[in-house]
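J.: Here are the chains, one letter per residue:
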Amino acid sequence: MKSLKQLALGAIAAAALLGPTWSTDALAGSHSKKETIKVGVLHSLSGTMAISETTLKDVMLMLIEEQNKKGGLLGRKLEAVVVDPASNWPLFAEKARELISKSKVDAVFGCWTSVSRKSVLPVFKELNNILFYPVQYEGEESERNVFYTGAAPNQQAIPAVDYLMSEDGGSVKRWVLAGTDYVYPRTTNKILKAYLLAKGVKEEDIMVNYTPFGHADWQTIVASIKKFASEGKKTGVVSTINGDANVPFYKELANQGIKAEDIPVVAFSVGEEELAGIDTKPLVGHLAAWNYFQSVDAPGNAAFIKKWKAFTKDAKRVSNDPMEAHYIGFKMWVKAVEKAGTTDTDKVIDALVGIEVPNLTGGISVMAKNHHITKPVLIGEIQDDGQFDVVWKTKGLVAGDAWSDFLPGSKDLISDWTKPVSCGNYNTKDKKCLGAAMAK
Amino acid sequence: MQRLITFFTCLFFLTVPVMSAKAQPVSNEPAPNGEATTNGAASELSAPKQELPALVEELKGKSTTKKIETIRAIAATKSMRAGPILEAYLNGKLFKKKTDGTIVIIQKDGQGLLLSDPYSGKSLGTSPKNKYKKIRVNNRLRGVIRSVLGSLQLRHPDRLKRLTAAAAMFKSHNPKSIPFLRSALKAETDEDVKKRMREALAAAQLSGTNAQAQMLAIKVLENRGDKPALTLLQSATRQGASAEVKERAETAVRRIEKTLAYWEIGQTIFYGLSLGSVLLLAAIGLDITFGVMGVINMAHGEMIMIGAYTTFVVQEVIRTTAPALFDISLLIALPLAFMIAGSIGVAMERGIIRFLYGRPLETLLATWGISLVLQQAVRSIFGPTNQEVGNPSWMSGSFELGQLVITNNRLWIMLFALAVLFALMAVLKYTSFGLRMRAVTQNRSMAGSMGIRTGWVDALTFGLGSGVAGIAGVALSQIDNVSPNLGQAYIVDSFMVVVFGGVGNLWGTLVGAVTLGVFNKFLEPAVGAVLGKILVLVLIILFIQKRPRGLFAQKGRTVEQ
Amino acid sequence: MRNSFLIKTLDKNSVLFLTILAIIAVLVPVANLVVPPESPFHLSTYWVVLLGKYLCYALLALAVDLVWGFAGILTLGHGAFFALGGYAMGMYLMRQIGARGVYGNPDLPDFMVFLNWSELPWFWRGFDMFPFAMLMVLFVPGLLAFAFGWFAFRSRVTGVYLSIITQALTYALMLAFFRNNMGFGGNNGLTDFKDILGFNLQSDATRSGLFVATVIALMLAFILSRAIIKSRFGKVLIGVRDAESRTRFLGYRVENYKLFVWTVSAMIAGVAGALYVPQVGIINPSEFAPANSIETVIWVAVGGRGTLIGPVIGAVLVNFAKTWFTGVLPEVWLFALGALFIFTTIFLPKGILGLLAKKNKKPKPAKPSDKPQPQPAE
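Chains as they are written, first to last, in our numbering: chain A, 1 to 440; chain B, 1 to 561; chain C, 1 to 378.
Among these hints, one or two may not hold up.
Partial list, derived from the structure: chain B residues whose beta carbon lies under 10 Å from chain A [what the hints assert, rightly or not]:
| # | residue |
| --- | --- |
| 1 | 230 |
| 2 | 270 |
| 3 | 408 |
| 4 | 481 |
| 5 | 485 |
Read the hints as simulated data drawn from the structure, not as lab findings. Every residue, glycine too, gets a C-beta built ideally from N, C-alpha and C.
This is chain A alone, in the form it adopts within the complex (with noise of 0.2 Å):
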């Protein structure tokens, strides 16, 4: 008997560890031969991200199955693979190497955070693949395989300010500069504060508040913003705090009786979505800074919420800035794949630079050379219905800059793609490229 157990031991463990992986490789073998074009959608479906992240997903099967009806690309159909990667940052580049190397997808949308970002990226440095990546972000980074299609900080947080500092914003004089601590609003804080203190805000009129993820208990912070704005000069609050912690910030807010006109508060992570979340009656007035708003008023946006609206088959559905990033992405990998007239991930990286895509706010977005897009910035104020009204916008389409000016370590750094440079990281005073990230 005693043998009859090990054999099953062994045979369990065994099946285990060696049967799934030939009789999977096997499956992926089949696939070889490609009829379909696929799009891996790496976004996580469950987990603490699961709440953002989800509607990126459905925004992308909902492009895919437009594009399809359109007779898909290069006279192939497009094939969404949609992975979950649980909000786990180390499954993130267990589930890009999946997408890329068992599923065989030509390219990738997906992400969130950044560290989800930076945690799949020498995975498609290794196996050269292309994601898009959809949601403002740090910036400090650069590199071939990616394309970002959100905000870098001069898209969206200088911007900003300077309307706060404007006249219509308030003349603000004093800034609280509040955020979650993560490496997003510790950069985006530290690039506000060096141009603050450029525009000769003076050192004592700028407070930095940190919190822990998912902070729930806002009663302490917001009661200390109120006494820091209640020393005369007129206060503005930058928040950078991410996610799910805004929602109880933004009740605790409207509980303690903080208005816009007295306080206004103009937040970068807070979009139609998160509001969706709050009763915003008594938020109108306060502030957000994108580059895409639901209410914006342009032929391309009515018909965006339309099909969205009608492909969820829920009215209340709301859109917002990341989806339309998705969306000028999706067009823009769309246009280069017609245009290089194939898939082949270095023939697409070189089509891309360059490509112009309408955007949903009335502009046209383009690729540059450092793979940021074009974006215009606009400020809205929240409103009664939980949208925004956009208050103030940029003359035309700002570039994204990937290496902050306001940085010490980073103000000699551009990015270019192009050829000669072909650099992430060049140093313009050393005429180098740094590091390692090189072209190939």
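The hints should help you fit chains B and C onto chain A, whose structure is shown.
T.: Chains B and C in isolation, oriented as in the chain A frame:
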């Protein structure tokens, strides 16, 4: 051009009373011979009036600076409609027709829009959306409108409006408004309003240049003694009209600062108690399922989540069917949440957990599995995004108690948490179910042989714990996200509280939650929110070393199992 | 035989288990590197990385089983030791990047340049040397476990109280490492590694090398654990698990037994973390999350607590299920995973291995098992 003239005329007439006020001996009581005007609004004085419609048309323009002039001019028309129009503008209810630019006031009504004429106030019927465009207002304009409305509404028949107006006047503390305030004060009968007006007058006087008036103003502000008063006094220490004034202001500042420091401690205690009550609510159900029954209930957080989603569903139904009931939506949600979460709890116990008694550590595994399933179920049904749960009117806003700012929702949650705790204690102590429950947890086989159906008592106990978690969810939906992750946010904290307080002891849970809450809130200003939380965790670890069975340790043979 | 005082470290099952591991250690690299890609027996790099990751988790599960299965300490915070080991390795890998970072700074890792740090903090010193880093992989988790255990076991903190404070420990560390001021890269953690001991981390050969190292580490940890539990020391440990007070009354210093095995287990977890980081390419504070530690306990329970082999199988199986479900059922996979956990608890109370043992026992109920039957400790 005409507009400019109006503006300057207004300006001129506005300054006249100020000058006369300066010449007069100033006191806080209305001046005996009631200088300059008998009516509050500047409009009384303006000679060349401009037509209201023409001015309102100008609000369609782009430049904010010009709009500010227009707003002042509208106020100066003395028209009865100036107030309502400005109020509508302030609240974003002034619209223009997209086709011909006609200006209307729009009230939103469920389906369509209720239009009314701004100049007559008459109703113009309803209209579908998207035919009208909002006339844009921004924060700078809102500030101006509020202060202009203040001067317009100082003598409004509605007492609340007058209070708001006085507050707005206090905030703008413009010396030019002294005469209006004074005449309004004279006519005022309500004591509260009078007090506010006197303070507004003092604030305006302090910003003026009359040293004598300033001395009196300082006294009034000192009595008010809050943060805005302090700010005004602080600026007086620098800009006071005479050295004497500056000195007097400084004494006042010192005195206020001293009392405010005490109030601040009180405020921190309130914050701590409030955080403690949230922790208590989150942990209280766990004290039954984990503390009394010994099930390491990882699905506890999901019971809270279910309670919160019940509230959401109740509110959705109310919104579409009976909006008038919205204010009692939470009261409707409470029993429903208790029943839904409770019956899920009973089902869990009967279906899964009862097979695991005697193996408590494995309940961890099963309940973890249940928690995953429940999370995903909610995500599949309601979607992954946040759902809106509104605050009923009695739970929003705040009031002041001395210098304490008490937010209504926090106060209610505190009271509610205590109510739940005492109700639960009463159930355990005075009902026959409570007696059976205690009997079963203390000695299962003996209880069984006395004829108690231990299986059913287990199921009901688990249901009770889950139900209590459900009603906690109703309360927590008022201050936190309602999303599938809601439960996960509370599970770690809940276990900490229960263990810190001593497993299976409701008093321990109360004391534990409040201690952790207050401790956290005193640490937070000193070291920041993140470090504060870390220190609290370290404290718990160290505390358990000192008292390995928590604050209120269970004694007796049942302890060592 | 079971009465023999001789230490019988390895029984037949153990030998079989080690043999299978050895075969895998040879087979996987060969299938990946030698077998041509066209062959059906070729194993893609994707699977090498994945299997490496699973086996790191298996090593962690083994560590948890050592304390939970044999000393009755239900730890909900072993992820802390795993992550600390990972961070020690990550710091070494960061220092290996040198001037190849995006800012080209030879002394400071990118995130420090990014946050304007002017010099390397003191606790980063020495991590450019591999032996030092490896020492730290063992030392840091070991020291933390020793300090924590010293106080906790001496104070006789037991049962759920101990479980919850281990959870508090890992939760506090998670919050601490999230802070950017700590100097460990905050939320983004450590990433963008280039090479280890001069070998390029992106090359297939290095990956296979790391895989083999993981298998060897797992084998060694298994032998070590067997040696501990089969010794006289191990017998006392089981006594502690089953009746702590009684063992104490018999004159054993219970806390010392617990402390030793607890510290060893933390060091094994640290090694698992150190092997994990170069294979997945990132270490980040979310590894400290209490949920991760709870999951580890679940792997052990699924595989079979107190068996050492079971947890390894449990870890691999559950993680394989996760990989598979998130790929084929991205929308609803949590249902499947949750159901798996519930099913295992109710129908396989002793885990997968317990099921096998039971089937074997049926024909000959008289024969006592030569392996200690795990009893729940409370």
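J.: If a hint holds in the structure, say so; if it doesn't, say that too.
T.: Going down the list of hints, with the structure as the test:
1. 230: holds, 8 Å
2. 270: Holds - the Cβ of residue 270/B comes within 10 Å of chain A, reaching about 8 Å at its closest.
3. 408: holds, 7 Å
4. 481: holds, 5 Å
5. 485: holds, 6 Å
The structure agrees with every numbered hint stated previously.
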